Amino acid sequence: MPRNMNNQRALAAWRARACAAAVACGAQIFCLGAGIAVPLGLNAAWLCALPAVMLAALLAARARGVRASLGAGRNMERLRALLLCAVMLFSCLLLLAACVSLCTQTLLSHARVIHCAALTLLFILLAAIPRMEGVCRLCFALRLFLPAGLLLCMLTLLPRGAVSGLFPLLGTGAGPVSLGALCMLPAAAPALMLLLPGGEKDAGMLPRPGFFALRAGLGALCGAGLLLLPALFSGYEALRTQSVWGARLRLSAVGGGQKPLWHMALLLTQFAAMTLGACALLCAAEEAFSLAFPRLQRRRSGLLILAALLMAGLRLFSGIGYEAAMYAAPLIALPVPLLLLPAGKRKRKAADR
Amino acid sequence: MNGIKRAMAGLLLAGALLLMTGCGGQEIESSLFVVSMAVDPAPEGALRVTVKALSGTQESGAAQPQGSEATAQGGGEAADQSEPGYITLSATAPSCLRALSLLGATTPRTLSLSQLQEIVLSRTLAQTDAALSILREIHALYRANSAAIVVVTPDDAGDFIRRQRALLGTRLSQYLRVLFEHSADMDVIPPNAQLSAVVAAMESGTHDAAAVYAAGSSGADDLLLRDTAELDRLPGHLPRTSPAQNEYLGSAVFSGARMTGTLTGSETALLCLLTGRARTRSTVIGGAQYRVNLPTRVKLGVAPDGALTAHIRMSLTLVAGQGGESAQEIAARIEQDAVSLLRKLQAAGSDAAGYGLLAVRRHMTIGQWESSGWADAYRSAPVRVTAEVKVL
Chain A
2 MPRNMNNQRA LAAWRARACA AAVACGAQIF CLGAGIAVPL GLNAAWLCAL
52 PAVMLAALLA ARARGVRASL GAGRNMERLR ALLLCAVMLF SCLLLLAACV
102 SLCTQTLLSH ARVIHCAALT LLFILLAAIP RMEGVCRLCF ALRLFLPAGL
152 LLCMLTLLPR GAVSGLFPLL GTGAGPVSLG ALCMLPAAAP ALMLLLPGGE
202 KDAGMLPRPG FFALRAGLGA LCGAGLLLLP ALFSGYEALR TQSVWGARLR
252 LSAVGGGQKP LWHMALLLTQ FAAMTLGACA LLCAAEEAFS LAFPRLQRRR
302 SGLLILAALL MAGLRLFSGI GYEAAMYAAP LIALPVPLLL LPAGKRKRKA
352 ADR
Chain B
36 MNGIKRAMAG LLLAGALLLM TGCGGQEIES SLFVVSMAVD PAPEGALRVT
86 VKALSGTQES GAAQPQGSEA TAQGGGEAAD QSEPGYITLS ATAPSCLRAL
136 SLLGATTPRT LSLSQLQEIV LSRTLAQTDA ALSILREIHA LYRANSAAIV
186 VVTPDDAGDF IRRQRALLGT RLSQYLRVLF EHSADMDVIP PNAQLSAVVA
236 AMESGTHDAA AVYAAGSSGA DDLLLRDTAE LDRLPGHLPR TSPAQNEYLG
286 SAVFSGARMT GTLTGSETAL LCLLTGRART RSTVIGGAQY RVNLPTRVKL
336 GVAPDGALTA HIRMSLTLVA GQGGESAQEI AARIEQDAVS LLRKLQAAGS
386 DAAGYGLLAV RRHMTIGQWE SSGWADAYRS APVRVTAEVK VL
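Chains as they are written, first to last, in our numbering: chain A, 2 to 354; chain B, 36 to 427.
Don't take each hint at face value.
For each label pair, taking beta carbons as the anchor points, the in silico distance ranges come out as [what the hints assert, rightly or not]:
| id | chain 1 | residue 1 | chain 2 | residue 2 | range |
| --- | --- | --- | --- | --- | --- |
| 1 | B | 339 | A | 161 | 21 to 27 angstroms |
| 2 | A | 127 | B | 326 | 57 to 63 angstroms |
| 3 | A | 80 | B | 168 | 53 to 59 angstroms |
| 4 | B | 145 | A | 295 | 53 to 59 angstroms |
| 5 | A | 339 | B | 336 | 29 to 35 angstroms |
| 6 | A | 244 | B | 336 | 34 to 40 angstroms |
| 7 | B | 129 | A | 322 | 27 to 33 angstroms |
Quick caveat, the hints were computed from the structure, so don't treat them as lab data. A quick note: this is a predicted structure, and the numbers were derived from the prediction, not measured. We put the CB at the ideal spot given by N, CA and C, even for glycine.
Take these sequences, add in the hints, and give me the full structure.
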């Protein structure tokens, strides 16, 4: 196959992968923001998310620079692959917990929580069967539809004078907003999926760091933009009284009843983004797992093991409350230095050679 | 490999299908769909909740005397079925939530507020802090239809909904929906009287709520008030007779969680104009009918000296009659009426026009805004209204 065609195919594959990272980052920022940033910053939750947007872009750019052989034989590399798997899996669990919380508030308000959890996990598993390539292509196909759909629903549903809900601009003040921003940083973790070396189709020209940074950053920015909606729909007084994570995720609760179809469209678009993001993270976790344990790659045993772990996690959270997933989010940040730093040193050594 | 993939996919699909069956789990006939709800104060600090719901039959039951009132500790239920297709139930308990629970427990149906069209509060109750907690409980805990209209009445709220009939058509819910839509088109009821909007405004520190004001007709069709415009009145005192005994006209304005005043129909129309939500296309001024050319531009503001300002720009086209007033005279009259309205709202401590939404923009944090003393500043602020009217 001519080299040019190889490069084009590689570029398309990496573009799709970057879109998957963008969707996952946006969904993670929104879910974690609704859980942590909204109670801290109230109507200034979107400000808390901005540092996470920049971090997502930075991580995406840095991850690209790593063409290291994750899991290639050496114990250290296998450990790194395993840590990356753990980060992706926990991020996936967070998104699943958010999906279940929102589901029990809206679509399946009379169903048992564990049934909602099992249903959501099943859908994600089904979507993960075609591996990372399938979900990346889907994310690429929906890369314009998702933000456009959300924007259209937003413009249709927002009440007159909704802009007043953004004021006061700093919300609870610089202190709580800064704390919220710090707590939101782990939401950029999905960008680390770009650390993965990719499949055969990805072999070829590797795009520049800005290529990944732009896409991941835009996806994360969409997630931060969604955090404007609680303030626009409700105002800070109503946000103060919302103590349930699922109720905060449910953007259009106030003012509902009018235009029910648009409310449903907004809800379904939210769900689509969240489940796609969770699926992309699950596929990334499976790839990292396969790098750590190559012998389990053939029969998709990794996917089954990870699905079992996710189900166990959801079962645990159904007992202690899904908000526990949200409060445990900062743990995602712990392995990040180990994932990035040694790769930087190896890159310099390769460059020196 | 393909076989394993197919087997996995098949298993997963089967699992998903099994989990999706019966996700709703409720038959329509197992629900009691409430169309109207009324809340009244009862002795010893209790609340009496009356609901009018679909009975599911077209038989007209004989009117029964109301059941015994419950003690303040709860209990008791009265049923009245005098309108075909509907049943009226009531229960008394220390709180609205407990009264609704009691109704749900003592009827063989699950109480569903998803089709609720109106919530009627008695005026006595609306003037207390209990109004907000009642509406909040209904909205949050019972997932009531958040587009249900909040109505305040000086009458007994339970009697108000008992005498409500679907005069045109057979469905009370559709009748009420069309009635509120029509009244909103005439600008005689406030534009944001939906349950969710009223609860949000009551909780808000930047603007106040306005609910619909309604009362039973006195039936005195020979009552004339020569110096007053027909709609510049409160309901219950309109010179009319009709099978529809309930009159919806004007607004009940709130200051925070409490009702503090009323606006007549004409004042409500002016409030709709000031907030940019006027829907009516025609108006009668000085014996002539004018068509209002949209959009009427209204700009509210808070001046640096703290004055509440409003600038109205509208154009009218003479449609019928002979215009006796010039454009300047019409503008002067609008200015005078708007100033009177704003002063009335200030006296009631109600920021139904939403000046607080503009004042909040000057503060950077919630703490600064809440300590700025806006409520006191609003009450004592001077009012300046200018109007430009063009008659085409």
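Exercise. If you check the beta carbons of residue 127 of chain A and residue 326 of chain B, does the distance land in 57 to 63 angstroms?
Worked result: holds, 59 angstroms
Exercise. Quick one: are residue 244 of chain A and residue 336 of chain B within 34 to 40 angstroms, going by C-beta?
Worked result: holds, 36 angstroms
Problem set entry | Range agreement (Cβ of residue 322 of chain A with Cβ of residue 129 of chain B, hint 27 to 33 angstroms) | Between residue 129 of chain B and residue 322 of chain A, where Cβ atoms are some 30 angstroms apart, the hint holds.
For this session: Confirm or reject the claim that residue 145 of chain B and residue 295 of chain A have a C-beta distance inside 53 to 59 angstroms.
Result: holds, 55 angstroms
Exercise. Holds or violated: 21 to 27 angstroms for the Cβ distance of residue 339 of chain B and residue 161 of chain A?
Worked result: Given about 26 angstroms between the Cβ atoms, the range holds.
Problem set entry | CB-CB spacing for residue 168 of chain B and residue 80 of chain A relative to the 53 to 59 angstroms hint | With Cβ atoms ~56 angstroms apart, the hint holds.
Exercise. Is the distance from the Cβ of residue 339 of chain A to the Cβ of residue 336 of chain B consistent with 29 to 35 angstroms?
Worked result: violated, 57 angstroms
The structure is inconsistent with hint 5 alone, although it conforms to all the rest.
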